[in-house]
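There are 2 protein chains.
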Amino acid sequence: MNNFIFHSPTKFVFGKDTEKEVGQLLKSYKAKKVLIHYGTGSIKRSGLFDRVVDSIEEANIEYVELGGVVPNPRDTLVYEGIDLCKKENVDFVLAVGGGSAIDSAKAIAAGAKYDGDFWDFYDHKAEMKDALKIGVILTIPAAGSEGSASAVITKTDGMLKRGFYSQFYRPQFSIINPELTYTLPTYQTSAGIVDMMGHIFERYLTKSDNTLFVDRLAEGTLVSIIEAGKKLMEEPTNYDARSVICWAGTIAHNGFFGVGRVEDWASHRLEHELSALYDVTHGAGLAVMYPAYMKYTIDEDIERYKRFAIKVFGVQEEGKSDKDIALEGIEKLEEFYKEIAMPTRFEGIHAKKEDINKLVEKLKENVGKTFGHFKELTMEDAKKIYELACS
Amino acid sequence: MNNFIFHSPTKFVFGKDTEKEVGQLLKSYKAKKVLIHYGTGSIKRSGLFDRVVDSIEEANIEYVELGGVVPNPRDTLVYEGIDLCKKENVDFVLAVGGGSAIDSAKAIAAGAKYDGDFWDFYDHKAEMKDALKIGVILTIPAAGSEGSASAVITKTDGMLKRGFYSQFYRPQFSIINPELTYTLPTYQTSAGIVDMMGHIFERYLTKSDNTLFVDRLAEGTLVSIIEAGKKLMEEPTNYDARSVICWAGTIAHNGFFGVGRVEDWASHRLEHELSALYDVTHGAGLAVMYPAYMKYTIDEDIERYKRFAIKVFGVQEEGKSDKDIALEGIEKLEEFYKEIAMPTRFEGIHAKKEDINKLVEKLKENVGKTFGHFKELTMEDAKKIYELACS
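Read top to bottom, the protein sequences are chains A and B.
Going by the numbering used here, the letters in the first sequence line up with residues 15 to 405, in that order.
Going by the numbering used here, the letters in the second sequence line up with residues 15 to 405, in that order.
One copy or two, it doesn't matter: identical chains are merged, so the pair holds either way.
List time: in silico DSS-like cross-link candidates among lysine-lysine, alpha-carbon distance up to 27 Å: (1) Lys25 - Lys221; (2) Lys147 - Lys41; (3) Lys245 - Lys30; (4) Lys44 - Lys143; (5) Lys245 - Lys325; (6) Lys221 - Lys30; (7) Lys221 - Lys244; (8) Lys221 - Lys245; (9) Lys143 - Lys47; (10) Lys325 - Lys346; (11) Lys309 - Lys325; (12) Lys325 - Lys244; (13) Lys34 - Lys143; (14) Lys25 - Lys147.
Quick caveat, the hints were computed from the structure, so don't treat them as lab data.
One chain only, chain A, in its complex shape (with noise of 0.2 Å):
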């Protein structure tokens, strides 16, 4: 087990109901003047933005509100929202939404405290040293941000997608009730459940040694995910279903599943060019990628991908080779992809295979000439996984 630090300071309030406590929550971190930051207006219509700002109002804070957070989120609306903070003298950040709300909210955090331009943090030009506060009402389980450190944001110019890493990043408090995620699209639900375990197995496939223990925990975090999965295709509804997911993608992404172990995240940086290029749900890309990355690293460590077809889809061995029932493992990922109507290949995105040039010189741009610790990639690693997805 590799030395490591474990921080999750956010403090996560779970179950129904829970968005009511939000202005008293808001009120023991001493907020004054809160920035509601949320995306469409279906917050709006579902009521659930009138129930937050009745919970605000009654524990006397002020609020001023952005709407228009889009999936990718861009830097022209952080932009708008530092404008905002600074002058309304905004202190606390309440992101209502999914993952891109609330990225969108912590460079908006970030940013109000920092008198440059909050692309420099993006650019490793600049170090942060300070943001607002940020509290999350979770409504899309997906990309963990109601617990992580990180907020991934496009800049329009060019559509850079980048990634940036803080603990300042990490929410002081998560609301999620998992009542509020009942009317998402199925696409939407899906797509965050691929979300979710691709963060596990960013953590879960690494060359670290001694990770049994964490690896177990993965394992039955997976295959809660995929029975909480396969029940919501059939019964959106089903409470307990949507408490797993919910949590589950909390936890995935927190770093919990991170310690002890060198990290991958090499088909983030592949997925990450298919988004900004095609503008595609992250959660959809990769669905799109993992089948594609697991079967060009199969032989990296069969042991390990053999254990995740073993212990994760309950693939039988008898009379198969290690690589077959490796290789089932994968084919049974596929399959559950499939089932909840996630696409598996570049088609299913609308991609293209005449891109692939393209989506290298962008990736090299952005990771330079390797990525990956599973296995170290180069560009022409990243061709060969790029066309595996096509076919």
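Add chain B to chain A, keeping to what the hints say.
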């Protein structure tokens, strides 16, 4: 899944040589004067104390020290620590040791910020509103106090053992270097293993619905603890096994396995009376209580005990009744306790059957008429469980 709050803000700094980072860590929390609180002189003989002091001095932080913590830590030393903190203007309490040193440090940290008698908290006469900041260098993985919000103190007058729970009791940071546990006597290693498994059992044994996701995580952790525990009997300096025990012990009691469910804690209540009367190590007392408690409550949820037997101990199902499978799981647990040289009956801890009425009387004083959630137990039940623990 029941509503829950999960809030484990402690920064866990885990791995080799991490104790040397304590000075910089304290500095990051703006500590000016630290109380180093510990047990016997073993940390001085091992050189750990010197390494800690070197790191603190390098960071230009002042310190005072107070040793002498004993297992089942006493109020008398807590009072001494409180006086010292007040006199010396200590602003940070650093526990170097196991659960006893940490619990004692927590009580000192609270008492130092309170004008009355710290026992008021334990008597439920006062609400804790502040405490000095707390840090930990862990040397005994067992109690989980390095990540928990609780501290158990024994009032010397009457040997009254009581626990208290507060977010102020969460350490700011906990340094966990598995190598520091290499020299623990087998008895302490094993008692620690029983203790952390107990922290999982108290959450695993629940009547709450839809707990399967977290149950799986608990089972994976128990399997890993048992595997590592066996290895340490042969090879006490196996770093990986020590690592598993250290990390499992921490997450076993930071609340992670309690989310979404009602916890039990009956066996802990029963054991606390053993510790108080015989001054027996908590883990050894628990090794006596769990088999008895589990046998007594097996009919409350045969399915759960059956699952425990299969998932944790790999009990084979063919040709056996559900109850037989469940019972076999409890037998396997007893076997494991014996394998790691733990007692499983009263006589192994020099407890006496004729003291049972006295134990029950004390228990009643502490818990009232009934206790436990998995099965609500009366004093009559308690008596029967103690009796089961004799034979």
